[in-house]
Structure formats: structure tokens, C-alpha cells
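**Student:** Spelled out from the first residue to the last, the chains are:
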Amino acid sequence: MIALLLRDLRLSFRAGGGFGLGLAFFLLVAVLVPLGVGPEGGTLAKIAPGILWVGALLACLLSLDRIFALDFEDGSLDLLATAPLPLEGAVAVKAAAHWLVTGLPLTLASPVLGLLLFLPERGYLWLVVSLAIGTPALSIIGAFGAALTVGLKRGGLLLGLLVLPLYVPTLIFGAEVVKRGAAGMEIGTPLAMLAAITAGATALLPFAAAAALRINLR
Amino acid sequence: MIALLLRDLRLSFRAGGGFGLGLAFFLLVAVLVPLGVGPEGGTLAKIAPGILWVGALLACLLSLDRIFALDFEDGSLDLLATAPLPLEGAVAVKAAAHWLVTGLPLTLASPVLGLLLFLPERGYLWLVVSLAIGTPALSIIGAFGAALTVGLKRGGLLLGLLVLPLYVPTLIFGAEVVKRGAAGMEIGTPLAMLAAITAGATALLPFAAAAALRINLR
Amino acid sequence: MELVVSDLAVERGGLVVLAGVSFRLAAGGALVLRGPNGVGKTTLLRTLAGLQPAVAGSVSVPPESLAYASHADGLKAVLTVTENLAFWAAVYGTGAGAVAGAMQRMNLAALAERRAANLSAGQKRRLGLARLLVTGRPIWVLDEPTVSLDAASVELFAWVLRAHLASGGAALIATHIDLGLPEAEVLELAPFRADGPALAVAGGFDDSFDGAFG
Amino acid sequence: MELVVSDLAVERGGLVVLAGVSFRLAAGGALVLRGPNGVGKTTLLRTLAGLQPAVAGSVSVPPESLAYASHADGLKAVLTVTENLAFWAAVYGTGAGAVAGAMQRMNLAALAERRAANLSAGQKRRLGLARLLVTGRPIWVLDEPTVSLDAASVELFAWVLRAHLASGGAALIATHIDLGLPEAEVLELAPFRADGPALAVAGGFDDSFDGAFG
Amino acid sequence: MSIWEYANPKKFMQTSAWALPGLIVLTVVCMAVGLVWGFFFTPDDYKQGSTVKIIYLHVPAAMMAINAWAMMLVTSLIWVVRRHHVSALAAKAAAPIGLTFTLIALATGALWGQPMWGTWWAWDPRLTSFLVLCLFYLGYIALWKAIENPDTAADLTAVLCVVGSVFALLSRYAVNFWNQGLHQGASLSLDKEENVSDVFWQPLVICIAGFVLLFVTLVLVRTRTEIRARRLAALLSRERLA
Amino acid sequence: MMPDLGKYTFAVLASYGATIVLLVALVAVSFWQRARVKRALAEVEARAGKSDG
Ligand code: HEM
Ligand SMILES: Nc1ncnc2c1ncn2[C@@H]1O[C@H](COP(=O)(O)OP(=O)(O)OP(=O)(O)O)[C@@H](O)[C@H]1O
Ligand SMILES: Nc1ncnc2c1ncn2[C@@H]1O[C@H](COP(=O)(O)OP(=O)(O)OP(=O)(O)O)[C@@H](O)[C@H]1O
Ligand SMILES: [Mg+2]
Ligand SMILES: [Mg+2]
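Protein sequences appear in the order of chains E, W, L, B, S and A. Heads up, the first sequence is in the numbering used here, so the first residue is 252 and it goes up one at a time. Heads up, the second sequence is in the numbering used here, so the first residue is 252 and it goes up one at a time. Heads up, the third sequence is in the numbering used here, so the first residue is -3 and it goes up one at a time. Heads up, the fourth sequence is in the numbering used here, so the first residue is -3 and it goes up one at a time. Heads up, the fifth sequence is in the numbering used here, so the first residue is 119 and it goes up one at a time. Heads up, the sixth sequence is in the numbering used here, so the first residue is 217 and it goes up one at a time.
Some hints could be false.
Calculated cross-link-like contacts (lysine-lysine; reagent style DSSO-like; alpha-carbon spacing at most 27 Å) [unchecked claim]:
1. K128/S to K254/A
2. K128/S to K263/S
3. K129/S to K223/A
4. K263/S to K254/A
None of these hints come from the bench; they were simulated from the model.
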């Protein structure tokens, strides 16, 4: 398991930058939106929580299809499935590796981007907290979607279509936490829900994803 | 050339839906942003032009790495490069195929999404016009980026990082056209600039992209 | 430690391709599967490896004793030779000693720090075979293992295989090339080919309503 | 119609792997390149095909006369056998007749409507070889063409190759397996191997500041 | 006799062939009566004017859009647990119907919203969750289309349906955080006192029945088509082998 | 005959129109597919029957 985690981390560092890129994409979204929307501080501050969360989500999405597709293409997924390693565990580990190279750096960098979008001061803490709690759910849900589409070449867009609706609750609760946080309101319920989604997804989805993988390898 | 165009179109239809999926992603961005930002009509109307353009851009981006990567992996790019077909032409044709399955349907569907984001009524025409003129530039610029990153596995995020800055002028002028159009202002200059970008990119970038491909195949 | 296959039928793309395959592979034995292209060798091996369910018949094999090597080598292009092997050694829990030994035996020591992307076709294949050695599994299930290998490497492989058999291992090999293993038994698969309409997935849905349309 | 290679040096990964290779391939001739794994056969063929520049020496070949087939077959998994071939026929401007002929000759007619994804390894390879036929090019440059082929298919290929030579074609083939073509000349590449640090890409960037550090 | 007998394609084909003619007639009658009554013979509402007539389309379509997904969930589970092919094919057959109903509910809702709320669209919880449902339908159908092997496709779409249902419920709950929304609350309840007046209610019930019947009929027709298509594919590949 | 829809004519007519178009399209597609598959199956069954017997 640890070997798999290390391998996946190493692979994403070697092949085109790991950490750097998820982050860079997030940054780009945060830069492009003001470019597209225009520079008024008031509007930007209002949409900042939502845009930051949408950006995080898209940054995750863009790297999702790599979770299994590369291993499928070069045959290592076959070999992993026949290895003495529960496939559920492999899925969980791969999702964790994905989180470490996308979700985590994104969370750490988010305050800087909040700055670019004029996020109100009170919001920063909650931005970081909500991303820290919510992004693991994005990775594990994404791993499920990737497992569903692993056999298909050009699965990228299909994957997006399948996964984004699944991201909706996480997005809403996550953005809600930041919005309420920024407005100085009570954030207990959405935060609890966010945590519940992450916990539930982490507990159950690896099984669904492993089942999907087995079906796809058949 | 026509054979290549037909093949690429056929490939994208066969493998996971072609038209439908680029569109679906665009739709998802237009849906997710309000989910993240919240439901107030005024704010949404203000950011609609920018968000729609950013969405179009991301929808393009997500399918970019497929322009050459699949052909590279299965060896057909080697074969294409040795075929009696100028590589520049092949690049242009592949970009055109990409536009037909992403940019075009996206342009046609944009009014519906304008609705979801409460785009002011006067803006619809200009939304469609600006996308129709601007999205070809997105495809051709994207093809250039894809050519640069074709050798790299997990090139997806790197590609995004390379291409998005190149997209900035298109995005700014495109969104500006829509914004001015929606506000009833004069749109001549940004529209002319948008057209100039598309024309220039179409004329020059295939050469750069073909050069990049040749280097990557070496 | 014995692989027993009895009356096995395997399917690909919803059609039974082989039926009635039976054999028994004991420790120390090697069995070469032969048959024309498309007869179903790969399908049979994947079924044995547990990657797809059998249509009929049974496979009995001690748990955790199979190591499968497919057409594709499952190498990571950006990892070095050592890293590739070390990963599988960790997965199979065999440790670093196994890695060094396998590299020695498959003549990969000189390439240890080379990335897999920079290997030639035959070198990649050698690395793929070295992976088998680090699994520490007794029964090898190999799909055309000597593809792209030069004569010297084929010999090296035969030699490694003999050592494996001598130490109580067993091997099931699908191949079109002569491996230089006269002691191996040969199973010709062509007679088990299941064609003719009668054998479309037996008992499957597609057949269960023959005649429903009058 | 002649391929003349003189004193060619080719590099891979910044290192010269082969140097001083010279040969001449005339119409009707076949040349088999042999050499241990990693000697540089693939690199040489890619250089001839124009995919990478030569380090030294020259290649003279009539324009638009080469057809290159690499380790990978360049098949599109979601297209059918016919569609795959028809595409290349259109690119090379040889038309639908060529497709039908090629399928006939490579024994693919029965698989015409099958998607490439659903072919076995050997069937894929046959399809890859059929592509050569639809190019209509006289000089074939082949990298291990018979990998995964069964004995019957190897024979079929030899037969097709002979017909190609008889009709004034030529073929340059890297292989480890005996093709059953006694009339082909053989060029052993091992003697041209360029090792030793002295040969790091001559005149390249790495050399241009030799001695810069005292 | 157990209900599972109908999972046998032969039995299913026989029974559905027997039931279909009657169902088609009933559907046509119900739809025609309901819609004609609703459109031509109901009064205008004092508040909503003639737009109440949209209710006869909007409410049944919205109800059936949700019920179709529920039916797909049940049949998917049956496939996963008991592996009856007919139920997998029924789920596949139902998806485009559900999608159409969703689109009808969205379109009529939008057209109704313009005069009532002054906007085509609002990010109201009920509307939003419906949009999400629409996306689930699209994803589900796209996944069926994308996979070639029918059993693989059945398995994967079933998994998607189950997981998707959980997340659809979650989003329904999540969007409630925004506001109560513009949309009407439940107005059809069994408690007669709370119901809209009988003049609107009676044709509405007939319309709902019509939509239910239409759904059942179409599911049967499309499932029969899917079964035949499976049979066709099997025969064709046999021919190729022989 | 036609009820007076007042100022909401467009909304009501468009709703009915859109619904009917969508439903008719769905029904048409369903039955068209049914006919197509049925015909193809009949052809193949006839062929199979001939070669068998
Ligand atoms: C695009 C916009 C709309 C969507 C997606 C939508 C969706 C829905 C849904 C999901 C239901 C629940 C059906 C059920 O299961 O009972 C419903 C019911 C209903 N809708 Fe809408 N709606 C929309 C717009 C409107 C508008 C503009 C009005 C009227 C002003 C309206 C009036 C009603 C009424 C009266 C019901 C019945 C309530 C009940 O009995 O539960 N809807 N709609
Ligand atoms: N979807 C499908 N429909 C019908 N037949 C299929 C499908 N997919 C694969 N096949 C066929 O299944 C057969 C078995 O393939 P398999 O890969 O097992 O052959 P093989 O013996 O390994 O051949 P090779 O020596 O070429 O590797 C082949 O004839 C192949 O064409
Ligand atoms: N980046 C690199 N750095 C150093 N050496 C490299 C690099 N990339 C490839 N090589 C080496 O170049 C040599 C030539 O490889 P090539 O693929 O041409 O061999 P080949 O003769 O085709 O072998 P095979 O029979 O195995 O296919 C190999 O020894 C390979 O290891
Ligand atoms: Mg095989
Ligand atoms: Mg080689």
C-alpha cells in the first residue's frame, strides 16, 4: 500500500510536475475569472467563495482521468488487480495520492488566490478549512468516476459529465461554508455536512470504484 | 486531408459521444458557477459574459490533450508524420475537427446557458457571434499547446498551464464583446481584435505546431 | 502446489472462444500453449489469472500462487528500471534483495538507473520478465514472453525458467516461438476452439429466449 | 528506386548508438537487419524514415517512396478493420480497391467489420502489415514485423513480401526471428555499435564546451 | 408463480405483447381526455390566469421524471443483486423517457416562470435539483452509449445509478441552504381540504394517470426493442464466427 | 373553440407545443427503433433458419 502511494506520488512528480500543475491550474482559473468578469472589487468579493471552489473542483477534474487510465493503458492495472493487494485498498491509496498532489497544495495556496479575488478577511480561515475538509471527497468521488470510465479512450469529457453532478453537494456545502464564514454567519451545519460527505465517500466509494474497475478489466 | 478530418470526427463520435460531451462540460460549468456563487440574479447577470467565456475555454481545454496524444500513444502520429501529407495541414485539420466537436456545438448551445446565468437580453446575439468568431482561435491555439506537450504522459495539467495564458487575449476580447453587447455599448473594436486573433492564429500557428510535433517525435 | 483446469470454457466479447480445455500443471512442470492467432490464448490466460470469469468448468489453484505477465509489460516509462522492480517487490512483499537478484538474472544490472522510456523494445521485455522474478510466486502465467527478445535473451529466459522449474515452480506459457525448452509439454489449443452457433455464451441471456419470436 | 545509406551515424537519448553504417538496397532486394536487443535497430529505422535527423553520413532515397511500420501498429481501437485501412488508403491516395486487396492478402476479410479493439495481438499485427500494402509505396521499412504472429501468418507475410519484391519493391526489415526468406541479405549491426564516451554526439551541444572547465 | 418469472425474456416478451395493445389504447385515451379537458374546459385561476393550464403538463412530467429515476434505481439494484437481464435493459429503456420528462418539466416550468415570477429561470432549490437530475440522466445515457460490451455497460451504469441516487438526494438537501425558493410547495395531498379546487384537480389526476401509462407503455416498448437488439447482436456475432 | 388565454397566450401555447413536440419525438424514436430492430432481427433469423435447416 505504502509502496503504491509512493509510486503514484513519484510518478506525478516525474511526469510533468505533480504539485505545481494542479496549483497552476487553480491559479489560472482565479486569474481568468477576473479577466473575464471585469475588475470591480465588489462583484469579485461576492463571487470569490464560489469561484474558488469551482476552480478547485475543475483543477481536480482535469487530473482525474490519470488516476487509472495510464495504469490501464500500460497494463499495470491488470497486474495490480492480480497482485496480493485488495483492489479497494489500491483505489483508496490512489485517491489519496491524487489528493496529496492536487487537493492539498490547492488548499495551502488558496489564501493567496482569495487575495486576488478580494475575499473578505473573515473568509480566509473558512476557505482553508472547507477546502481541507472537502477536497478529499473530490478526489475519492473522482476516483470512482475514473474507475467507471477507465476502459474508454477519450474518457475525459465523459468523466467530467459523470463526476460533476456528483460534486454538486460538496461544492454547495463548501462554498456555503466560505460564504457564511466571510459574512460572519454561523457555519456549523454546512461544515458538518461537508465532513459527513467526505467521511461517507471515503468509507463507501472505494468499494464501488473497485467493483467498477473489476468490471472494466473483465 | 478530408480523410483525416472524417477520421477524427468519427473517432470522437465513436469514443464517448463527440458533440455531446464538450457541450455537457460547458453546461456543467454554467451550472456549477451559480451553485457555488449562489442564486442571486443580479450578481449572476453581471458575471455571465465572463463565466460563459471561461466555461467555453475550459470545455475546449479539457479535450485538447486528445488532439495528438492518442495518435502519439498508438503510433499513428509517427505514421502520419511519414505519410504524404504536410504535417502543417494535418495540424490544421485536426484543430478543425476539434472545433467542430467542441467550439461549434458550444456556440450553438450558448444562448440556453445565457438563460441560466441571467444574461441580459441584448447580450445573446453577441454571445453567439463572439463565440463563433473566437472559438476557432481556441482550438488552433490549443492544438499548438497539445503539440508542445505531446510526448509527456500526464500532460493534461501542463498543457493547461501552457495554453491558458495564450488564451488570455481571446478571452478578454471575447468577454468584452459580450459585456458591451449586453450593456448596449459599441462593440466594434473588441470584435475586430477577436477576428484578428483568430485569423492570425489560423494562419501562423499550424506551422509552429507542426514544428513542435516534429521535435517531439524525434 | 498444482494448477488444475477442468473442462474450462472462456469467453471474449460475449462469445465463447475456447471450450472443454482441461490440463494439470504440477510443480516443476512447464506447459506451452500453442494455437493460431486469435484462438483464445490470451483470453484463457486472463481467465486463469482471475481477471475475467470463466463461462464453464473450473480452475483450481492454491491462493496467492499465480504471477501473470500479459502482452503489455506494465512498466512506468518515467521510473527507472530499479524503481519499477522495487515497486512490485514491495507489493508482493519480497524486498530489495529480490530486486537485485532479478536484475542480475535478467541481465539488467547495466541499465539499473535508466528510465523505462529509454529502453529498447527487447530491454523493456526483459524488465517485464524480471518482474516475474520479484513476485516470488511459484506459478507463472506468461503471454508471449519472448516477443522482441534477441536469441541471446531468449536463451537467458529459458535458463531462468529452468531454474524456476527446478526450484519447484511451474509455468504456463502461450507462445508462437520455439523457446528451446524440450522438456515442456505442449498443449495445442486449436481442437478446443468453440465455433459454430451452438456455443454462443452457453446459458447466457442471449440464448435464453430462443424461439420467443415465433 | 534505390535506398543508399552511407556512413550513417544515429543517436538516441543524446548518445550515438550506431556509426558507420553503409548499405544499398535496390529494387527487388530485401535486407534483414540483425543485432542484439538495444543495438539501435529501431533508431536506425526511425532515422531512415525521416523521424529523426542523422548525426553523420547520408541517406539517399527517392522522395515519397518509403513506408514505415514501427513497433506500434498505429491502429485506432474504435474504428473497424476496414475503416482503419480506408483511412490510410485515403491519406496515400490509393483508393478503396487497395483496401480490399490488402485485406484479402493479409487474410483479414473475415474480420472486416470488427473493431480493432476486439482483435487479438496477432490479428492486430496483421492489420498493421496490411496498412503497408495500402500505402502503395515501394520501399518498406519494417521494425519487427512478425511479432506475435503465428507460424501460418509469418508464412503469409513472407509470401506477401516476396510478391512485393517481385513487383519491384524493396524491404528493410529489423527482426530477431527467422522470416523464411533465404534470398534476403543480412546485415549484422553489432559491429557498428558505437560505444565508449568518445562518441557522445559529435559536434553536438555537449561537445561544444569540452574543456571549458579546464 | 413468482414475479421473477418475468425476468425471463421469453416470458417477458409474451406477457408484454399481450398487455401492450390495451395499454396503448388506454394511454391514448387518458392523455387525450386529460389534456383536452385541461386545455379547453377548465376556467382560469383568479391569480394565475390562464397559465394554470400549464399545470396539466408540468406536474405530471415532473412527477414522472423523478419516478422514472426511482424505477431505474430499483431495476438497477435487481440487476446487481439477481442479475436478471431484462431488468438491466428496462433501466436502459427508461432513461431516455425520464430525460424527456425532465426536459418537459424544465421547459414548461421555465415558460410558466416568465409570467409568474418574471424570470425564465431561478436558482430555486427545486428547480436546481431538477437540473442536477437532468445531468444525471445525461451522464447515465452517455455511459451506456460509450461502452460496447452490453453486460459491462449494464454493470457500470447500475453502479452509477445507485451512487448517483445518493448524491442526487444529497444535492436536494444541499440546495435548501440557499433559501426557500419561489416554487410552489406540495399542493396535491390526500387531505382533501388542502387540495386545489376540484375543477383543476380532476383533469390533473387524469393527466397524471396518462403520463404514468405513457411511461409504462414506452418502457415496455423500448425494453422489447432492447431485448431484440441483444438477440440481434448475438445472432450477428454467431454468424461472423460460423 | 379556442379558449381565450389572455396575455398568457404565448406561455401556455409554447408549453403545450414544447411538450407535444418532445413527447411525439420520444414516441416516434421509440417506435422507429422498434421497427428497425425488428426488421433486422427478422432478416437475420430468416438467414439463420435457412442455414440451420
Ligand atoms: C424550470 C422551472 C421549474 C421546474 C424545474 C419545476 C419543477 C417542479 C417539480 C420537480 C415539481 C414536483 C412534482 C412532484 O413530484 O410533485 C413541480 C411541481 C409544481 N410546480 Fe414546478 N417547476 C418549475 C417552475 C414552476 C413554475 C414557474 C410554477 C408556477 C408558477 C410551477 C408550479 C408548480 C406547481 C403548482 C407544482 C405542483 C406542486 C405539487 O403539487 O407538488 N413550477 N415543479
Ligand atoms: N468483441 C469481440 N467480439 C467477437 N470476437 C472477439 C471480440 N473481442 C475479441 N474477439 C476474438 O476473440 C478471440 C480470442 O482472442 P485472444 O486475444 O484470446 O487470442 P490469442 O490466442 O491470444 O491470439 P494472439 O496469438 O493473436 O495473441 C480472437 O479471435 C478475437 O478476434
Ligand atoms: N535516453 C537515453 N539515454 C541513453 N541511452 C538510450 C536512451 N534512450 C534509448 N537508449 C538506448 O539506445 C539503444 C538503441 O535502442 P533501439 O530501440 O534502437 O534498439 P533496438 O535495436 O531496436 O533494440 P530491440 O531489438 O530491443 O528493439 C538502446 O540500448 C537503448 O537503451
Ligand atoms: Mg494473445
Ligand atoms: Mg527495436
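**Student:** Looking back at the hints listed earlier, which ones does the structure fail to meet?
**Tutor:** Violated hint (a single one): 3; every other hint is consistent with the structure.
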